[in-house]
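Could you fit the two chains together into a complex? Lean on the hints.
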Amino acid sequence: MTQLSRRQVANYVACQLANETNNVQQMAKQVAGYLLATKQTRQSQLMINDILTALKQYGFFFASVTTATELNNQLKQQINIFLNSKTDANNIQLEHKIDPKIKGGVIINTADNEYDFSLQSKLDRLRSLV
Amino acid sequence: MLSLNEISYFAAETSAEAESGIGALGIDPFAILLQAGTFVIIFYLVKKYALDKISDTLAERRQTIDEGLSNAHKADQRLSQVELEAEQIIAKAQTKADKFVDQAQAESNRIIQDAEVTANLKAEKIIKDANHQIDNNRQKATKELKAEILNLVATATESIIDEKIDPDKDARLIKTALEAK
Chain C
474 MTQLSRRQVA
484 NYVACQLANE
494 TNNVQQMAKQ
504 VAGYLLATKQ
514 TRQSQLMIND
524 ILTALKQYGF
534 FFASVTTATE
544 LNNQLKQQIN
554 IFLNSKTDAN
564 NIQLEHKIDP
574 KIKGGVIINT
584 ADNEYDFSLQ
594 SKLDRLRSLV
Chain A
210 MLSLNEISYF
220 AAETSAEAES
230 GIGALGIDPF
240 AILLQAGTFV
250 IIFYLVKKYA
260 LDKISDTLAE
270 RRQTIDEGLS
280 NAHKADQRLS
290 QVELEAEQII
300 AKAQTKADKF
310 VDQAQAESNR
320 IIQDAEVTAN
330 LKAEKIIKDA
340 NHQIDNNRQK
350 ATKELKAEIL
360 NLVATATESI
370 IDEKIDPDKD
380 ARLIKTALEA
390 K
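Sequences listed follow chains C and A, in order.
Per this note's numbering: the first sequence = residues 474 to 603.
Per this note's numbering: the second sequence = residues 210 to 390.
Isolated chain A, as found in the complex (with noise of 0.2 Å):
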C-alpha cells in the first residue's frame, strides 16, 4: 500500500511530466483518476454502510407518510361521512324538534282553547248562579213585601170593621152571601 507522503511525490512527479502533455492545459489525468477512485470508495463506502439504512430510512419515512396520507385521507372520508352523518342526525334532530316543537304548539293551543271553554263555561254558570240568586231574592223580596200588605190589608180591614159594621150593614152582608152562593 503506498503512504500519504509517496502518492504525495508520485502526483508531483506526475505533474510534472504532465506539464509537458496534458499538462500543458492545466488537465492533471492522475488527480482525476485519483479522485475518480477516492468517490468510488467513498461512494462505496456509503453505499455500504450508509445508503441502505438512508434508504431504508427513506422507504420507512415514505411509507409512513403514505400511511399518514391515507389515514389522513381516510380520516378525511370519515370526517366527512361523520359530518353528513351528523347532518343527517342533525336534520332527523330538527324534525323531531320540529315535530316536537308542533306537537308542543298543538297541546299549548288545545290547553288554552280548553281553559278557554272552560273559562267561559265557569263564566256562564256563575252568571247563571248569580242570576238565579238575583230571581230568588227577588222572588223573596216580593213574597214578604205581598205577605207584608196582606197582613196590612187585613189589619186595616179588621179595624174598620170593628168600627163600622153595624145590624143594617151585617144583615145586608150575610143576604149578598146567602144569595151569592
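Just chain C, with the same shape it has in the complex (with noise of 0.2 Å):
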C-alpha cells in the first residue's frame, strides 16, 4: 500500500466533506482504518487539525467554544462575527462546551489557534507573575 502523506490524506477527506460526497461518519471511519493500516493512531489529532485546516480552503471553519455557562444565540453570533473577522470563512461551525471550572469568559479553539479569555487563565496568568 502506497504511503500518503498526511497532508494528502487531509486534503482528500476535506475535499469529500466539502463535496458532501461522502458524510462525516463514513469519512471518519475511513481516516480511522486508514491511521490503523498505516499504524499512524498516535497521529489521529494532527489529522483532524490538517483536515480542519485543509477545509477552510472550501470555506468551512470548524470552531469548538468553551464557555462556564449556557451560550444565547447573540453570543454564538457574536463569536461568529468574530471568527469571521479572523479567517475570512463564511460557513463557520461551532461546537459549544461547558466547563465550569473556567469560571467565566470564553475559550475558542481553532484548527490553527486558540483564543482565550476565560477568567481562569486571566487568573491563572496573575499567579504566574508571582
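Derived from the structure by calculation, the hints contain no laboratory data.
Don't take each hint at face value.
What the hints assert, rightly or not - Listed next, with one range per pair, are the computed distances between beta-carbon atoms:
id	chain 1	residue 1	chain 2	residue 2	range
1	C	Asn546	A	Thr366	26 to 34 Å
2	A	Ala356	C	Ser517	40 to 48 Å
3	C	Ser601	A	Lys337	30 to 38 Å
4	C	Ser558	A	Leu359	28 to 36 Å
5	A	Glu388	C	Lys574	18 to 26 Å
6	C	Leu509	A	Val362	47 to 55 Å
7	C	Glu587	A	Gln342	28 to 36 Å
8	C	Asn586	A	Leu354	17 to 25 Å
Stated by the list, open to error - Facing chain A, from chain C, some residues (calculated, C-beta under 10 Å):
id	residue
9	Asn484
10	Glu543
11	Phe555
12	Asp597
Stated by the list, open to error - One side of the interface only, derived from the structure: several residues of chain C facing chain A at Cβ under 8 Å:
id	residue
13	Leu508
14	Leu509
15	Lys512
16	Gln530
17	Ala541
18	Asn546
19	Ile580
20	Phe590
21	Leu592
22	Leu599
23	Leu602
Bear in mind that the values here come from a model prediction, so they are computed numbers and not experimental data.
No residue lacks a Cβ here, since even glycine has one placed at the ideal position from N, Cα and C.
Right under this line is the structure:
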C-alpha cells in the first residue's frame, strides 16, 4: 500500500466533506481505518487538525467554543462575527462545550489557533507573575 | 809625694810666714792655691769619670725628651687629624643619618598614605557592598510582597468570581472580550 502524507489524506477528506460526496461518519471511519492500517493512530489529533485546516480552503471553518455557562444566540452570533474577522470563512460551525472550571469568559479553539478569554486563564496569568 | 801631715806642716809654716805679708790681710795664697789644685783635680776626675756620662745621659734624656715632645707633637697633630677625620666621619654619618631619617620619614608617610588609601577603598567597598546588599534585600522583600499581594488578589478574585458570576455577567464578559479583540 502506497504511503500517503498526512496532508494529502487531509486534503482528500476535506474535499470529500466539502463536496458532500461522503458524510462525516463514513469519512471518519475511513480515516480511522487508514490510521490503523498505517499505524499512525498517535497522529489522529494532528490528522483532525489538518482536515480542519484543509476545510478552510473550501470555506468551512470549525471551532470549539468553551464557556462556563450556556451560550445564547446573541453570543453565538458574536463569536461568528469574531471568527469571521479572523479567518474570512463563510461557513463557520461551532462546537459548544460547558466547563465550569474556566469560571467565566470563553475559550475558542480552531485548527490552528486558540483564543482564550476565560477568567481562569487570567487568574492563572496573574498567579504566574508571582 | 807629700804626706798629709807634711802638707799640714808646710801649710802651718807658710801661714806663719804669711801673717807677716798678705797673711796680715787674712788671705792665705797657699790655701787658695791648694784649693784651686784640689778643685782642678776634682774637676778633672769628675770630668773624666762622670761628666761625660752625665752629659751623655743628659743628652740622651734630652733626646728622649725631644723625641717625646716630638712624638707628643706628632700625637697632637695626629689627634687633631683624627679629630678632624672623626668630625668629618661624624658629619658624613650625620648626613647619612639625616638622609636615612628623611627617607624613613618619607617611606613612613608613603606607607601611611597607602594605608589611608587602602582603608578608604576598603571602607568604600564595604559601604558599596552593604548598599548593594540592602538593595538586594529590598528588591527581594518587594518581590516577595508583590507575589504575596498578587496571590492574595488572585485568591480573592477567584472567591468573588465563584460567588458572584452568573450567566448574564458571563455573557457581558464574553461580549466585552470579543469586542475588545
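Hints and how they fare:
1. Take Asn546(C) and Thr366(A): their Cβ atoms lie about 30 Å apart, and the range 26 to 34 Å holds.
2. Checked against the given bound of 40 to 48 Å, the beta carbons of Ala356(A) and Ser517(C), roughly 41 Å apart, stay inside it.
3. At roughly 35 Å, the beta-carbon separation of Ser601(C) and Lys337(A) lies within the given 30 to 38 Å, and the hint holds.
4. The hint said 28 to 36 Å for the Cβ distance between Ser558(C) and Leu359(A), and at roughly 33 Å that hint holds.
5. For the hinted restraint 18 to 26 Å between Glu388(A) and Lys574(C), the CB-CB distance of approximately 25 Å keeps it satisfied.
6. The given range of 47 to 55 Å is respected by Leu509(C) and Val362(A), whose C-beta atoms sit roughly 50 Å from each other.
7. The beta-carbon spacing between Glu587(C) and Gln342(A), approximately 45 Å, falls outside the hinted interval of 28 to 36 Å.
8. Under the hint 17 to 25 Å, the C-beta atoms of Asn586(C) and Leu354(A), about 37 Å apart, miss the expected range.
9. Given the 10 Å rule on beta carbons, the hint for Asn484(C) is violated: about 30 Å separates it from the nearest Cβ of chain A.
10. Contact between Glu543(C) and chain A, as hinted, is supported at the beta carbon level, the nearest pair being about 6 Å apart and thus within 10 Å.
11. At about 5 Å, the closest approach between the beta carbon of Phe555(C) and any beta carbon in chain A falls short of 10 Å, and the interface hint on this residue holds.
12. Below 10 Å, beta-carbon pairs count as interface contacts, and Asp597(C) has one with chain A at about 9 Å; its hint therefore holds.
13. Look at Leu508(C): its Cβ only gets to about 35 Å from chain A, farther than 8 Å, so that hint breaks.
14. Checking Leu509(C) against chain A by beta carbon gives a least distance of about 40 Å; that is not within 8 Å, so the hint is violated.
15. For the restraint placing Lys512(C) at the interface with chain A, the shortest Cβ-Cβ distance is roughly 41 Å, beyond the 8 Å limit, so the hint is violated.
16. Given hint, Gln530(C) at the interface with chain A, is violated; its Cβ is 25 Å from that chain's nearest Cβ, farther than 8 Å.
17. Using the Cβ-Cβ criterion of 8 Å, the hint placing Ala541(C) at the interface with chain A is satisfied: the shortest such distance is roughly 6 Å.
18. For Asn546(C), the suggested interface contact is broken, since its CB lies about 11 Å from the closest CB of chain A, more than 8 Å.
19. Proximity of Ile580(C) to chain A is violated relative to the hint, the smallest CB-CB distance being about 10 Å (cut-off 8 Å).
20. A hinted interface residue such as Phe590(C) counts as satisfied when its beta carbon comes closer than 8 Å to some beta carbon of chain A; here the least separation is about 4 Å, so the hint holds.
21. Annotation: interface hint on Leu592(C) holds; nearest CB of chain A at approximately 6 Å, less than 8 Å.
22. Taken as an interface hint, Leu599(C) checks out: its beta carbon lies about 5 Å from the nearest beta carbon of chain A, inside 8 Å.
23. Look at Leu602(C): its Cβ gets to within about 5 Å of chain A, closer than 8 Å, so that hint holds up.
When held up to the earlier numbered hints, the structure conflicts with 7, 8, 9, 13, 14, 15, 16, 18, 19 and fits the remainder.
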